[in-house]
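First residue of the sequence shown: -5, per the numbering used here; consecutive thereafter.
Check each hint, because a few of them may be wrong.
As a list, the in silico DSS-like pairs of lysine-lysine whose alpha-carbon atoms are at most 27 Å apart [unchecked claim]:
1) Lys30 - Lys236
2) Lys30 - Lys164
3) Lys166 - Lys137
4) Lys236 - Lys192
5) Lys166 - Lys30
6) Lys81 - Lys166
7) Lys166 - Lys236
8) Lys81 - Lys164
9) Lys137 - Lys30
10) Lys137 - Lys81
11) Lys137 - Lys236
12) Lys164 - Lys137
13) Lys236 - Lys164
Simulated from the structure, these hints should not be mistaken for lab results.
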Amino acid sequence: MGASVREPAVAGRFYPANPERLRADIESYLSPSQEKVHAIGCVAPHAGYMYSGQVAGAVFSRLEIPRHCVILCPNHTGRGHPLAMMKEGAWRTPLGEVPIDSELAEDLLQEFPALSEDSAAHRYEHAIEVELPFLQVRRPDVKFVPVAIGTGQLVLLEHLGIALAEAITKRKEPVLIIASSDMNHYEDDATTRVKDRKAIEKILALDAPGLYETVINESISMCGFGPAVAMLTAARRLGAEKAELVQYATSGDTSGDRNVAVGYAGIVIR
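Using the sequences provided together with the hints, build the complete structure.
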């Protein structure tokens, strides 16, 4: 039997299902003239492109995309294992298939056996899928490891980050760690911006425990705080020294609705 292909779950809803339209949209969000940097990690949003595409495009425009990526996302669906990775196969988008980096996935699994090979957690989860077309346009030969995180336990998030750093250290080629996350959800725009600034400040300080504590203590509904904590933990161990807020917006900037908003931050870690 051949390796499995994970089919698109949100094409035609979060982003266009038509390949030409999708590529045109992605290219409209990207800035080719933007100076590119080599990064260890980043935070990128994962909402429908009409809301967060500009912020995601700003992040991926800023990055020199390596051939190997790890994408960490929250588990919105509640399906599957709370630390779920796919180790084999590929993910299909309207732009084609993106192969899973099986060698890197195996190294990560060896470093952190608490991870479980589990495709169920990924089958209907959108938060990795929406990042892939950006990577396909910017780096057509990209390979990646998908990890869905359904736990909020700090010790597990930190251990995942440590394992990521160990697995990446063994590689001869660079690896980008993408934390897929939106920021605060469904409060008024002003409150969302205040809460998001508190979380963003911790990310810019490369303070993984501080981000965790701030999200919990300030009741910030940042869906991907777990991925961000793990990414920051890994990035610090891999020598990260600075972070840059590339762009910030809320859904209200698109919809005009300032009563109920979601925040989107694009951050590069290097």
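Right, here's what the structure says about each hint:
1. Lys30 - Lys236: holds, 15 Å
2. Lys30 - Lys164: Holds. Lys30 to Lys164 sits at ~25 Å (cutoff 27 Å).
3. Lys166 - Lys137: holds, 15 Å
4. Lys236 - Lys192: holds, 17 Å
5. Lys166 - Lys30: Within the cut-off at roughly 21 Å; holds.
6. Lys81 - Lys166: Holds. Lys81 to Lys166 sits at ~20 Å (cutoff 27 Å).
7. Lys166 - Lys236: holds, 23 Å
8. Lys81 - Lys164: Roughly 18 Å separates the two Cα atoms, so the pair holds.
9. Lys137 - Lys30: Status holds; Cα separation ~20 Å.
10. Lys137 - Lys81: holds, 12 Å
11. Lys137 - Lys236: holds, 26 Å
12. Lys164 - Lys137: holds, 17 Å
13. Lys236 - Lys164: holds, 23 Å
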